[in-house]
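Colleague: Spelled out from the first residue to the last, the chains are:
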Amino acid sequence: MNNNNKHYDVIVIGGGITGAGVARDCAMRGLSVLLLERFDFTNGATGRNHGLMHSGARYAVTDKESATECIKENMILRKIARHCVEETDGLFITLPEDDLAYQRTFVDACLAAGIRADIIDPAEALAIEPAVNPDLIGAVRIPDASIDPFRLTVANVIDARLHGADALNYHEVTEFIINQNRVKGVKARDQHTGQIKEFRASVTINAAGIWGMLIAQKAGITINMFPAKGALLIFGHRVNKMVINRCRKPANADILVPDDTVCVIGTTSDRVPIETVDDMRVTDQEVQLLLSEGEKLAPSLATTRILRAYAGVRPLVAADNDPSGRNISRGIVCLDHEERDGMAGFITITGGKMMTYRLMAQIATNLACKKLGNNATCDTDTTPLPGSEQIATQRDGAKRSFAFNAAEGRHGTYTSKIKLDTDADRALVCECEGVSVGEIKYAVENQHVHNLLSLRRRTRVGMGTCQGKLCACRAAALLGRFDNNIPKAQADLAQFLDERWKGIKPVAWGSTLREAQLTATIYQGLCGLDKAIERKEGSK
Amino acid sequence: MTKTQLASISDHNFEQCLKCSICTVYCPVAAVNPAYPGPKQAGPDGERYRLKDPKFYDEALKMCLNCKRCEVACPSDVRIADLIQQARMKHHSHRPKLRDMMLASTDLVGSLATVVAPVTNFSLGLKPVKAVMDTVMAIDKHRTFPAYASQKFETWFRKNAEKRQNEFAHHVSYFHGCYVNYNFPQLGQDLVTVMNALGYGVHLLEKEKCCGVALIANGMYNQARKQGETNMASMRKSINQQSRPVITTSSTCTFTMRDEYPELLGVNNDGVRNHLSLATRFIFNLVDEGKVKLAFRHDFKMRVAYHTACHMQRMGWAIFSTELLRMIPGLELIELDQNCCGISGTYGFKKENYETSQAIGAKLFSDIDAAKPDFVSTDCETCKWQIEMSTGVKVLNPISILAQALDIEKTRQLNGVN
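Line order of the protein sequences matches chains A and G.
With the first letter of the first sequence counted as 1, position 109 gets the number 109 in this note's numbering; the numbers rise by one all the way through.
With the first letter of the second sequence counted as 1, position 38 gets the number 1038 in this note's numbering; the numbers rise by one all the way through.
There's no promise every hint is true.
[Claimed, not checked] Pulled a few chain G residues facing chain A out of the computed Cβ check, cut under 10 Å:
| id | residue |
| --- | --- |
| 1 | 1046 |
| 2 | 1049 |
| 3 | 1056 |
| 4 | 1072 |
| 5 | 1073 |
| 6 | 1076 |
| 7 | 1146 |
| 8 | 1332 |
| 9 | 1335 |
| 10 | 1337 |
| 11 | 1339 |
Think of the hints as simulated: they come from the structure by calculation, not from any bench.
Note that beta-carbon positions come from the ideal geometry of N, C-alpha and C, so glycine has one too.
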């Protein structure tokens, strides 16, 4: 057993946006922090949502508290996370089958929550968003936006580190170190070596989303959560410039968000057993529902290539016994287990939404600071994240390469740290998303990249139209060279392509299927990738 | 799979791209100039990013020759070159430079130049003038402008040929193009000779404007569209009211009017497209269908290397020209490998493109040197300039070769011409 001698003030469990936000806040207040994530950062719900920066309008009618939190955080994120946010604005549209009277209720609720909500003429809505269903009979413009959860999380992790925190991904908490009803630390397995390590801290914060329920169990504590599965579809290119919502009570597949080069329709909402949350698969029925409802928001979705389908699990906390999972407040739940369960040194922060991660982090950090006797104030609402120090696009008139422009969208001001001086560094690894060799080197050196999956989340490698066909082998070769471990890179490549196929399979028809077949032909038929893996496994 | 899913099929042409990259392999520019991102990146890949944000429009797209070799290569029928041209049309920010306007305005400059042809030709050939054009206008000093004729083809036609055209049993209209009109009326005269021998009267269109290919290449889209509309109106009249199909002697003009008009400029050519053909294809079909007969001179001997112009390859029409040439008994035909010559209209005239242009053509030039032909033959006038400048071998349009090889008298008799 490897004992890490350092004693931390705080251990944060969970490398999603909440955990990353908590680690940053704690570190900024001068606490010594360790962030642990069992797989890659953003592996859970953070990496499997719409990428929607809610204005709060969606919750205005049903949950004013959440709506108010959302709009406040929305305005803060525009300033502190510029490079992760695209200020697209959004529409809430009323279709002939919807009740136009709801629009008034909706607008009044928005205004009461402090959300700008302008009723506009349907013709004006069509002019500012040509993709919107032309049959609309009403439209409200609200300050929704698009946000990249991968960038947002990594920026929080990097800032935590800049303030002295340690961050380890691929370290899974296996048990708590408990002494006389006090959590003294955790034992965690290094997923790459299998080694169990001990980490000690005065306070441990459980920020593991839906998995937080299982983490708490390890400390003998029960938290009732509803794992609510939400399925989404990614389309091959952007059909809409603005977020498009339905102006009605929240329902299935009524939000279409433009994200980077693509757009995303979602979601469904179904309760699933906690045992299944590590392997979410999108069903035919879900795809059909997303498509048929999505076409009502933007008819051109029917004639746009679908890249893939995916599903996330919302960590909804059971306040009562509502079985649907929809009417539960998305409010923030911060549990002081010393008070609640008599377990000192242990806090759970859950519920909430990606949108309110910063506020959740603030609440959890306040509690931790109180326990630790730290009086520092929270500055996360005014301090820009790394990469967002200035407005990302500096129009200095200089001619910028495609790779630079694409990278700037991902790394903001940190793009200047990417070396693009030579032809070799400027060469594109991922042609669909404009990821250069230089950007990959930067990500590997600075952003906790251990494999193609984590590289994808840092850079968008393999997220484009070809879903890894051209870039996966190039990127694997680079990683293999950096690690000096080609067999590992080969296995990683096979796993990455399997993961890509998992998302393609539910929408595998038309050009998406042809693309996947060509990919299979190249990797299996021409390169013999599966044979290479089989041989290696056989020789073990 | 449900009805909804079955109905969900992309109708975006650029989304049919499977990223196989064959287009980039066949791109003559990407092969010699690493600064050009290649058709896949500039076309379907770039299109996604341009839809996200117009700032992703890359000025490097100007390096595209619009040769369409990418489209010929694409197994998924993606109109890659059209995507690139459309992006240029949509996003280009600069107004055309004086040089580009001059290179593009073939009609206007041609009309002015033919009036003072000897002076123009003399001065365009002078070293100081070339130096000024090189430095001030950025027209490469290695280039020689095609000589301007002292008499326009149209003028010659009206004076010497027009009257007797009504005597024939069959009739066609001839879209001669700028090159024949201002630089090389001989080709137009050859066409009249051949068609008359076959029993066809040749007529000018009521109004002919430059097809617009040079305007498109130089960013003057509105002007191109206007000229396109004029040409289509004249051709409709010729086809519908006078029952005269339209023939041409330039592959690029033909391709532009048949395919670029609707795809790029939005000029409707319905009802015209199928009646607009290159003369070699028109004549080949007449012979093939037994409607005309050809008689050749017995003393004709010529070794000819045929070069397939890019737009001929895109149309798939080279076979009509080569099969027509093969009918000539004394002609020895060498079919050159399909390689771009590098000039692409006005592209190679620009100083910034000169090196790329010559590097692209290098393979073709060495093939021609090795073939040692008497003449090179091609259906494109700008290929002709490039090959003549770069190899020193003279280039003839297949129609001019036909005019030389035909026994005109005997052909007239065979086709019942008095």
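Colleague: Hint by hint, note whether the structure agrees.
Modeller: Structure-based check of each hint:
Nearest Cβ of chain A to the Cβ of residue 1046 (chain G): about 7 Å, under the 10 Å cut. The hint holds. Contact between residue 1049 (chain G) and chain A, as hinted, is supported at the beta carbon level, the nearest pair being about 6 Å apart and thus within 10 Å. The closest approach between the C-beta of residue 1056 (chain G) and any C-beta of chain A is roughly 6 Å, which is under the 10 Å cut-off, so the hint is satisfied. Look at residue 1072 (chain G): its Cβ only gets to about 20 Å from chain A, farther than 10 Å, so that hint breaks.
Of the supplied interface hints, the one on residue 1073 (chain G) is violated, with its beta-carbon coming no nearer than about 15 Å to a beta-carbon of chain A, more than 10 Å. Because the smallest distance between the Cβ of residue 1076 (chain G) and any Cβ of chain A comes to about 8 Å, under 10 Å, the interface hint for this residue holds. Proximity of residue 1146 (chain G) to chain A is violated relative to the hint, the smallest CB-CB distance being about 34 Å (cut-off 10 Å). Because the closest C-beta pair between residue 1332 (chain G) and chain A is about 43 Å apart, greater than 10 Å, the hint is violated.
At its closest, the beta carbon of residue 1335 (chain G) sits 32 Å from a beta carbon of chain A; the interface hint therefore is violated under the 10 Å criterion. Interface hint at residue 1337 (chain G): violated, since its Cβ lies 27 Å from the closest Cβ of chain A, which is beyond the 10 Å cut-off. Because the beta carbon of residue 1339 (chain G) sits about 26 Å from the nearest beta carbon in chain A, more than 10 Å, this interface hint is broken.
When each numbered hint is compared with the structure, violations occur for hints 4, 5, 7, 8, 9, 10 and 11.
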